[in-house]
Each structure stands twice: as structure tokens, then as C-alpha cells.
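Given chain C, work out where chains B and U with the ligands should sit, using these hints.
Chain by chain, the residues run as shown.
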Amino acid sequence: MTIDLKTIKHISKLSRISVDDEKAKKLAGDLNSIFEFIKKLNELKTDNVEPLTSVAETTLKLRPDEVKSKNIREQILKNSPEENEDFFVVPRVIE
Amino acid sequence: MSEVTTLSLTDLVQNIKEKKLSSHEVTKGFIDRSEKSKILNTYITEDFSSALEKAKSFDNKPNFDLKLPGIPIAVKDLFCTNGVKTTAGSKILNNFIPTYESTVTKNIWNEGGILLGKLNCDEFAMGSSNETSFFGNVQNPIDKNLVPGGSSGGSAAAIAGNLTPITIGTDTGGSIRQPASFTGTVGLKPTYGSCSRYGIVAFASSLDQAGPISKNVKDCALLQEIISTYDAKDSTSIEFKRKSYSKELTNNIKGKKIGIPKEYRVDGMPKEIEELWTKGIEYVKNCGAQIVDISLPHTNYALPAYYIVAPAEASSNLARYDGVKYGFRSKGENLIDMYEKTRSEGFGSEVQRRIMIGTYVLSSGYYDAYYLKAQKVRKLIKNDFDDAYKKVDAILTPSTPSSAFKIGEKTNDPVSMYLNDIFTVPVNLAGLPAISIPAGLDAKGYPLGLQIIGKAFDEQNILNIAYAMEEKIAFKNKITDWWIK
Amino acid sequence: MIKDNSEYLISRGSNTYEVVIGLEVHAQVTSKSKLFSSSSTTFGAEPNTQVSLVDAAFPGMLPVINEFCVKQAIKTGIGLKAQINKRSVFDRKNYFYADLPQGYQISQFKYPIVGEGTVILDMPNGQKEVGIERLHLEQDAGKSIHDMDPQNTLVDLNRSGVALMEIVSKPDLRTPDEVSTYIKKLRSIMRYLGTCDGNMQEGSLRADVNVSVRIKGSEKLGTRCEIKNVNSIKFMQMAINYEANRQVDLIEEGKTINQETRLFDIKKNETRSMRSKEDAHDYRYFPDPDLLPLEVTDDFIKKLKADIPELPDDKKKRFIDKFKLSPYEATILVSDIDTSKYFEEIIANSDIKLATNWITGELFAVLNDKNLEISDSPISAKNLSKLINLIKDGTISGKIAKTIFELMMDGDKDPQKIVEEKGLKQESDPKAIEALIDKVITDNPEKVKEYKSGKEKLFGFFVGQAMKVSSGKANPQLINDILKKKL
Ligand SMILES: [Mg+2]
Ligand SMILES: [Zn+2]
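Residue numbers (the numbering used here), protein chains in the order written: chain C, 1 to 95; chain B, 1001 to 1485; chain U, 2001 to 2487.
If you're looking for bench data, these hints aren't it; they were derived computationally from the structure.
Be careful, since some hints might not be right.
Incomplete in silico selection of chain C near chain B, CB under 8 Å [what the hints assert, rightly or not]:
| id | residue |
| --- | --- |
| 1 | I34 |
| 2 | L41 |
| 3 | T58 |
| 4 | Q75 |
| 5 | R92 |
In this text, all values refer to a predicted model and were calculated from it rather than measured experimentally.
Every residue gets a Cβ at the ideal spot worked out from N, C-alpha and C, and that includes glycine.
If we strip away everything but chain C, and leave its shape as in the complex, we get (with noise of 0.2 Å):
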């Protein structure tokens, strides 16, 4: 399995990174010699193997409904690129 420019370009697409064709050409060139490197896992059959996907062998924790979280707009607005008091900010979507 070879994974080619178009591949690249659809994956930039989908994980929102913009790639030119030069970085895509490295791109292709690194991540077909990884999944070469990959490829290994198909000499194990798994058919019967349950996915293990948290070691923690324990269930999830449950909390109770309480509101402890207040108003904290400036904390969460403080580091936003786009000055504005109430908002975040961001180019105009167009649909």
C-alpha cells in the first residue's frame, strides 16, 4: 500500500493543515516509510483478541450534579487572540 499526493491532501483537509505540494511530497515519502514500518501488525492474527483500548481497569467515575463552575468569562476570553469582552472572534463563516 503506497500512500499517494491526493491521500495527503485529503488527510491536510481533514486535520485542517494546510500542505503545498512540496510538503505533501515529504509528507507522502515520511508516512509511507512509517506505514511500511507498520505494516508489521498484519503478520498477527487478531481475529479473536479483544481491543484494549484503557489499560485502567476500572469503570468510569460518576459526579454529582452541583454548579461550582462560575463566571469566569475574563479567565476564559484572556488569552484569545481577537480582542473582544463578550466573544470569541473568528473570520466570517460562510455557509
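Only chains B and U with the ligands this time, still in chain C's reference frame:
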């Protein structure tokens, strides 16, 4: 006053408690040495003047009941620190100042620790040489132009170079143990769920763990007992009986069964490492432990599985860095354009590479072949360890397949860089605790480490084994202070 | 139980099409705090004042699940007679949007908390069963505001992280009326349970509507289009109507229908393509590594079951069996929890038949007229109950009661007081009525003669006159009885 920086954490604590040293003297000592060591590029953010103030106020009103009475500590820049810039080694967080504190660092300050500054690391902890940091690579104090390992390279270099008495790093695939091994220091990756992940910039959530890097095993045990707490703010934090590791530390490991996995004898491993391992086996035998040959048959599949699981989680964890709420933003014509430029300019190439891998393996049509497959392999790897622990109490392996390499040596070959983590990654996939201790030097005089892997939540046991071995090995780091003029 | 209720068919030439509809309803869970953070869910707060570090996805922030939201989802599942899954998993649904701070929504994909269930609809020509595919818990997104700033979009994260239940139906619905009834029934069940307030204006209930068409009688499902995020029943019906006809037109023209996501434009009353299947999102779902699987015990579920109130279907059955209401009356009275409470409060002390008539008649007319919910009724159950009792014990006539009812609306007045103040008490003293009738007889000798000569229709005239003389207060039954004797 520069000799304070050569003292271990344990000695410093004792000196402060006995009023032989003040917090200010100690803090000043580490700051002075740090100032002279800028060339190592260990710090991303220095918080020196504030540290000195805190030291003074500690001295004015000392509390000697604390476990870290007025001890200055620099931490990896992956821990969010209230009011102090936190970058994760990335341009995308270059201007980010958290208004909150990670649980692990909060635990340290609660015991009297004082923040010295934020230490350099690979960008978002993705790297094995600290060369992916936006803030430049870190120099290993061992030798010029040598990488300190990664991703906690700044932390390991700061310990080896005596710039902080103790530090914390994070370990997703070896990021504490590998740099510890490269710098002749001690590094512990605790059991998954032992230390809270709250407030740590996430790389791969199911693998990330914070842990100490120190000059010796006792210091490591002391910090571990401080940072390991159950935390309701982290749903993967685990409630278990946490021990006073430093108090219960013993070099008596008589009768312990130590497993030697044959799969860790990899092709092309330098002879020196082989020999070191053999020596290590002798040491534990001399301590009265029993050696058992074991097999971890899926070891060779750990790294490929890791390079699916970790990037997959990372691709999602790093989606929040989009230029909207905080951090770097590039101008864009519209929202999507802004996203794409921000992320393309804000992330370095290794991070972009891993986001791409992760996006690909999760994308429609590939999930089963990659992500699901990797999760199944992960299960097999965990089963290997479970089986082994029916026969042994701990496992002894080399920490890394080589000693530290030169800066730039592996940057153009991602796979050869990834191979560095071949001995450390299986431990993360299985969620186990493991410690790397310096065990010898190679022909170039570069340190080499041995790794002791424990059962889940059995940190005390591997600390004890490390403690016993440390005594026998009597390792001395050869550091010439070459960078200080 | 009828399987098919489709009087809603579209004819073109010789072809008759039926419409197949499935709904994905997003119901906001009633809870004080958000699904994974402890910030408030109160509606209408100042922008970004109910946002925690977790909701705004700051580095290192982690989700911790709200137990109450889990209980609410399970209770709703019980109300939908659905399978409760003891083990469920939270997944990340990855996509970028300005009001999605994490860059992913935490949702449940492969293993939802609730599995298959059913909802019974009361349609004019019988009952219809609609299958529920699943119910899962997920986070709501924030709000993007496009019309406050000409260059920029503004983002308010107050709603970010609020718990939603996504309830997915099977494609069992066939008409816009069934959709309306289905939504109302879901809303009713959740309001009985207290798991969702069902307030569509505030966005607590919204739906994605999946529409396809096929030749009537065909088994095969047609290509469907999903109309996103419609937040009123009227708009859902309009959108379905437009979309079904659009699809039929395409088929008749020999064109194919693209599977796509569409928007309903309220102003133009039409649906519009948002994105086709080809550039559909690739959400890259995977289990959220920050959250472990959610496991609940049998005991946990059992306790919740014990806590489930009587639901509309059971209540309806009880009203019919115990109170002898007609199915129609019972359906109306149980459809909304507040109406049923109102009814039950009245019948605790008053006549059932009268209560039914007054609520479904006079009261509903007023509420409809004034566009009010029963919870905002100008007349309380307590006072309507009193009015009914005044009728029942003969203090007032039904006719006077209507006058009093009008007067009660002004500040929920006590009917007893109105009767006293205005002297509207019914005249039930036979002596007084006799005197009244004597007056009518003496005043109309001609009519009496005619009556006696066989013109029996005039009886009504005398009743009317007697009523008139009493200003409507005389007991009509007594007038009848005494008149018969006297004439
Ligand atoms: Mg939908
Ligand atoms: Zn949804």
C-alpha cells in the same frame, strides 16, 4: 555556593530542615548555575525572580513539616502553571498563560516546592531527542552537540547539569526513561492512573503519565510519593493505596524473581548494551534476587502499534489548537483558511506528521485495519506482561538500544528515530510502571541505562530493586561542565 | 394497532408515492450542570458566562461525567420501553467548527446507553407504533453568531457541553401529522419523566429529519436526505412536504436523488443542499481515551425504574378504565403532564364528567385563544374545581357558570365570591319559582290558551320567560317540573 547544586534532593531537604541552608541560598545556587548554563537551552521560561521571592518568604516563615521545604524545582513545559507561560514546546502555544495549575505541580507546591521555570521539551512531547521543540534543541550536559533524549530532554538535561535538584517529565512512549538513560539520571514512569493528567497538555491520553527525573533513586521515590494522588478531575485517575515510597524504600530484594525477556535482545544492539545488561543481571543476583528467563512474544509489535495509537489520539487531542480560543493565530480569509494556516504555521513538522498519521488511521475505511488492529495488539502485549508476572516480580531490560546520539543525526529518518523507543514503548501500551537507572558508560563515556519494569501499582518494588542496584553499580556521571566558561 | 396510516401520498401521473421519515431528535437533558463539567446550564445567560475551562477546551482539561445526566438518559430509555445497556462507551466525533472548542464532540457511537424501544402514537384512525433505534448521550456545541459583526463570526460557548440525548427513530413515520404526533409524544414522555423540558423555542428539542420517497407498496427504501436541525414542528412538517415533493419530482423527471444533508430555509419554505455525501464529514469516531466505559449495575437501573412516574399511556388507560372517559378525552387530558395534573387536581374533589367537559371545552378554548400553556392558565385548578362543585350542588346553573368563568379570568377569582358579590346564586326554592311561574302565566293568558288547546311546542316559551324573569338564576329543572304541574 555552587556546590549546593551537586547535592541530592534528599540532602538539600535535610540541610534546609537542619537550617544549615536556607531556601534562598539553595534557590540562588540553582539560579546562578542556570544563568551560566543558557547554552544548554534547557529553559523555555525562567521564573527566577519570582522563585527568589518565594524562597525569601519561605525562609521568613519556614514550615519544616513539608516534604519539599523551600526546594526550587523546574518542570517540563507540558505542565500548566497558573500565571506562568506554558508552551508545550510549540509555537502554537507560544503566548499561552494558563489561569490554572496542573494537579501534579499543585501537589509539589503544596509540599513547599518553588517553581524555578519551565523546561524545554519536544513539541507536544513528540520526539526522542528534544529536537522538535519550537524553542530549539537542548544540549546534553554529557557532551557537546549531543541530544539529551526526549521528549523530556530539558528536564533530564537540567538534572544532569545540576540546574534543578529534581524535576518532572511526562512519558508517553519513553519520554522520561529514554532521556534519563541518555543523561545518566534516574527516571520513573508510574503506572497509568497513578498521577493525575489534569492540567498536563495532552499528547496521547491513554498513554501519558507524569513522573519524576532525579539524581538518585531515593529522590525519585520521594517525589513520586508527592505527585501521585487520586484526582476526581481525571476520569482515568485510579484510587489505590499509595505508599510512602521513600520511607518504605529498602535495598533488601532477596528472593525477588526478576524476569529477563529474550525478545529484548534485538538485532544490531551495541555490544556494550548487551554487556551492561549482563552486568545488571549479575548485580541483582548479587543482591539475592533470582533470575528467571521469560518471553514477551509480542514485543516487536509494540512500536508499530504505538505509532498508530499515539498519533490517532494526538490527532484528536491537538484539534483544540485552532487559533480560536488561545495561542497562535494566522490571518485567514475565512474560518477554514484561518484554521489551515494557523495549524500549518503553528505546528512543527514532526507534530504535523503525527497528526497526519493519526488522521489517516482513524479515517473512514482504515479504522479497522489500523486503529482497531493496534488496540488488539495492545491487548496481546498486555497479556504478555500478565503472563510474565505470574512467574516474576519485575523485569529487567536495557532502557534504550543505544546511547545518546549527535544532534541532527536522526532528524531526517523518522523511523530510525522512532526505533529509539523500542524498549520503553511496550510499558506504556501495557500501562505499567518502569524505572530507568544509569548503569554504566559506553566507550565514548556516554551513560547507558537499565530499565526495571514492574507490575501495575507496584512502584515500591521497582524502586527497591533500583535502589539495591544503584548501590552495587555506584554509577558516576562524567560531566565536565564544558559549557560553563 | 394499525401498521400503516399513510393517507399522505403524493400522486404524479399514474404513480403514487409514499413518504418514509425517520427522526433524530436532540433533547436537552434537564440538569443543573453540564454533561462533563460543573458549569451551569441555565438558559439565556450573558454570552460566555457559563463556560468553564473544560467547556472551552483549555490545554490539559479533562471531562468528568455527570451522574444525573446518566440517570436522566436511562429514565428516558425506560419511558421509551427501550433496552438499557449496562455498558456503553463515549466516542469522539472529530470535526472542526468555530463553536466546537475541542475539535471533537463527545458522543456515543458504537455502544449507546439505550438501545431499541417503541413509542405509541394516537392517530385519528387508530394507534401506530414507531420504533426507536437508540438513544445516546452527547455534548451540545456552542453558538456561532453571524449577524452581529459584518466581518466576523462571534462565538458564545454557554451551551458548549450541555448534555443532549439524541433519540433516533426507525424510518417508521409516513406523514407530517405522524411526525407532529411523534414529537409531541416524545416531548410528553420526557416531560412526565422530568428528563427534558421540551422547550422548542429555547432549543431544548430539535430534530434532524430524514426523508425519502418510494412508490407505494414498494419495500425498498429510497435514497434519503437529512434535513438538519429543525426546531419547530410546523417547520418540520413544511420541510417534509417540500422535500418529499422535490424528491418525487426528481424521480418523475428520471433524475437521481443524491444522498445529502440539507437545510430548511424558513423564509423561502424550501430545503437547500448543505453538503453532498462525497464531501460529507469523515468524523473519525474512536473511543474517548479520557473516559472509561460507562458501566451501570442492575441495581442502579432498578432504583431508577422504581422512580418512574405513571406515563401518558398508562395514565390514559387508567382514565378510561377508572373514570370512564372516552379514549379521545383521555388522550387529550394525558398528552401534557401539566394538563393531566390540572385534571387530577380537580377531580380529587369534583365531578369527573363536568371536569372533563370544562377543561377540554371552556378552558382549552381560552388557552388556545390566548396562546397560553396550562401551567400559565388564568384560572387555577383549585378555582375551576370550586366552580364545578357550584354547578354540581345546584348553587348555579351551567349557563351562569359560563358567565362566572369569564369573570374568574380576571386574576383567578374565587367563583364563590363572584356568586356572592353579583348575587348569581341559583334560585332553587320551589315557592319562589312557583310565584315566578304564576306571574308568567298571568302575564300571558293568550299563550296559555293556545298551549292548552294542544300547541305543546309553547312549553319552551314558558321556560324561557320564567328564566328571563329570574334573570337566569332559576333552577331549570324546577321550572320544568312546576310548569308541567301548573299548565
Ligand atoms: Mg444527525
Ligand atoms: Zn447528535
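Hints and how they fare:
no.: 1; hint: I34; in the structure: holds (6 Å)
no.: 2; hint: L41; in the structure: holds (5 Å)
no.: 3; hint: T58; in the structure: holds (6 Å)
no.: 4; hint: Q75; in the structure: holds (4 Å)
no.: 5; hint: R92; in the structure: holds (6 Å)
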